[in-house]
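Visitor: Each chain is listed here by its residues.
2 protein chains.
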Amino acid sequence: MNTAEFRKRGKEMVDYVADYIEGIHKRQVYPDVEPGYLRPLIPDSAPQEPETFEDIIKDVEKIIMPGVTHWHSPYFFAYFPTASSYPAMLADMLSGAIGCIGFSWVASPACTELETVMLDWLGKMINLPEAFLAGKDGEGGGVIQGSASEATLVTLLAARTKVIRQLQAKSPGLTEAAIMDKLVAYASDQMVATLGTTSCCSFDNLLELGPICNKENIWMHIDAAYAGSAFICPEFRPLLNGVEFADSYNFNPHKWLLVNFDCSAMWVKKRADLIGAFKLDPVYLQHHNQESGLVTDYRHWQIPLGRRFRSLKMWFVFRMYGVKKLQEYIRKHVKLSHEFESLVQKDPRFEVCAEVVLGLVCFRIKGSNELNEALLEKINKTKKIHLVPCHLRDKYVLRFAICSRTVESVHIQEAWQHITELATELLKKEKEKKTSQ
Amino acid sequence: MNTAEFRKRGKEMVDYVADYIEGIHKRQVYPDVEPGYLRPLIPDSAPQEPETFEDIIKDVEKIIMPGVTHWHSPYFFAYFPTASSYPAMLADMLSGAIGCIGFSWVASPACTELETVMLDWLGKMINLPEAFLAGKDGEGGGVIQGSASEATLVTLLAARTKVIRQLQAKSPGLTEAAIMDKLVAYASDQMVATLGTTSCCSFDNLLELGPICNKENIWMHIDAAYAGSAFICPEFRPLLNGVEFADSYNFNPHKWLLVNFDCSAMWVKKRADLIGAFKLDPVYLQHHNQESGLVTDYRHWQIPLGRRFRSLKMWFVFRMYGVKKLQEYIRKHVKLSHEFESLVQKDPRFEVCAEVVLGLVCFRIKGSNELNEALLEKINKTKKIHLVPCHLRDKYVLRFAICSRTVESVHIQEAWQHITELATELLKKEKEKKTSQ
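Going down the list, the protein sequences come from chains A and B.
My numbering puts the first residue of the first sequence at 1129, with every later residue one more than the last.
My numbering puts the first residue of the second sequence at 1129, with every later residue one more than the last.
Rather than coming from a laboratory, the hints here were simulated on the basis of the structure.
Note that this is a predicted model, so its numbers are computed, not measured.
One should not assume that every hint holds.
Since the list gives no way to pick out one identical chain from another, each pair is judged satisfied if it fits inside one copy or across any two copies.
As the list claims (entries may be wrong) - Below, in silico cross-link-like pairs of lysine-lysine (DSS-like), each with a Cα-Cα straight-line distance of 27 Å or less: (1) Lys1559 x Lys1474; (2) Lys1298 x Lys1252; (3) Lys1186 x Lys1453; (4) Lys1559 x Lys1506; (5) Lys1186 x Lys1264; (6) Lys1512 x Lys1186; (7) Lys1453 x Lys1136; (8) Lys1186 x Lys1252; (9) Lys1506 x Lys1264; (10) Lys1298 x Lys1310; (11) Lys1452 x Lys1136; (12) Lys1453 x Lys1190; (13) Lys1186 x Lys1139.
Could you put together the complete structure from these sequences and hints?
Guide: Shown next as structure tokens:
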């Protein structure tokens, strides 16, 4: 494909993407396919000769789309949101074209420097203590990781290296293995200190945990993967109080801040702790500037060596929305979850199972777990909306997460009406069954 | 930004990208900026109100481009290539729009199933033993990881879990810590068995290593991050002989197979080994089909939970090029590296320092390391071309890697002429210095 053809096909693809998003509410949110559906539809090996773009784009509609779960449909209420916005998509096109691998400052200075500054911007948006910011000569700073799991793994490894070195400094005779045998990582059943758990979006009390960690010299990592985006709104920021005690903090703008996957933001107070754990310096990656205080080589901050120019997505999104529109977006989602909550509360057959703080409502029919499992199965088989369950203590609970960028009150109302209709059918059948017994 | 504006701006961005790639040879390959250049050029916090797309795209040229190392310039010969092609970029636009997170089969069946089949296609392209393929009911299969480091980490963890379970089955009294204290990972100074090392693209002898690993019950992982793409050409495939002894194999189509970053392909013979190490099954991720033999939940194959729809890039690239054009592309690069090699060999002042097998030439001036360091510094300060060095044993060596999709013989000739001119200047000065001493 030469550049002239790319100009033509690229513009066709822009229209395909725009059509897809504009018409997504008309597509069935969850697909009809059965496991193994795709393999028989395509050849069992790659073609020897080139095929045309027309053939491929036809196959997208014929082979791919029938198997897609439409995460950006306004009828998708499952898991947690994954972010999507036009500015982020535009930035991603640019990032793909530049296609640099920003593992060190020299490998593409703009890639590294924009990332550092964007993490400062975002840190300020959520009013993170200054110690976490890079600024011109701070000891902290931020980095984009691929996921919250990666961020947690990176901080665990950094914490382990730090404590091993501290102990070895005190007792030079100790081997690494002997120390590792004694190390303890404290965690709840959700791991590490968590703001906004996946099951029910609950919050750990950082103001209690923090001082204990500091006193006992325990590395404190806070994961607010989903909830973190809400902290750009002053009314939700108190949930982050206590972050000042943490060594590292992480949340995912790729969940709820309109920056397409992947973009997991992580900050540390002492970047020397991270670099100490991951430093990798073969001669082909060394460069003149690396000892300068101004230079960040992000390969020392993460597990992979390679990295995309992901901060462009943040830059485009933050500028094209502005902080106020981003706050509006978060508030709209929270308002919609409360709208759903009050619909549940008004129906005496249902109960809300956890405090609704942000964009997630956990609810169930007052009754057995089996009944609720049956309700969820009915919902997901009907495929008008899509939800997933969770367990809260021993109860089987339905999760209703506000996900799509384009979801509005009308979709919430429709969803609730649909759920109650299915519940009515189900309860009627249950009653008939009991009567006939 | 509404959909109508996205249609307009998306098409402008397509043209910007096309212009960038079409004119990339006119841009200076390595930037003039100094560390810290970017921060003063942009505000120190995000704007409250939205800004326009025009303003942002102007800033791309003003603020970002002056700090970009142009990896896709035909004058870029540093590190190893990072892949870039129009079909991959088109696929990435689509992937961004679908924006599904494919951690499980239900989360988007097409995302999982296309990946499994594409890894089979690619496995067949490199003539991988059938045990590594998923097929309809194989025990092996492939997965896309973010990077070779991630692939290596995943296989190390899987190997560790496997051996711990084997030992605990034999001696139930053994604790995990006690076993871990005794575990050994064998590696050369490049880690794991490597085909195409970064320094000089050397190859481990798998036919020697493999049988030993199998006999001693050692998990054998082979990393061919860069070189792996070449194995689609029958004439290079013998370098992979011995892969039949391995438990897992990995290479990066995002380096040399025209699939934009990230796309690191990894195969295992027994997928049960991976799943055993990473299985994560909270109720909100469980689904009806997961026990079916046809279903793959890729979250059990990797460290992050989330994942993009990356196999679309492979599908577009394999179909729009076809195997033959991809082979031609690899062969063109190898031919260009041999062209450079023979230029070096014809100049008695220079020597080639390692066998040229694929697209990398390691060379140096016959003389001291200091002289070669001075030459590289001169080259990279002049910024007409961009190279990085390596150490081979005690020698400081210059690496000349064929990188860009658009590099041709004319650029190789220009680059060599430039290098020899700088070398001539340098040697003249050296001689003058010695004469005056």
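Visitor: Please write out, lowest number first, the hints stated earlier that are contradicted by the structure.
Guide: Hints 2, 9 not satisfied by this model.
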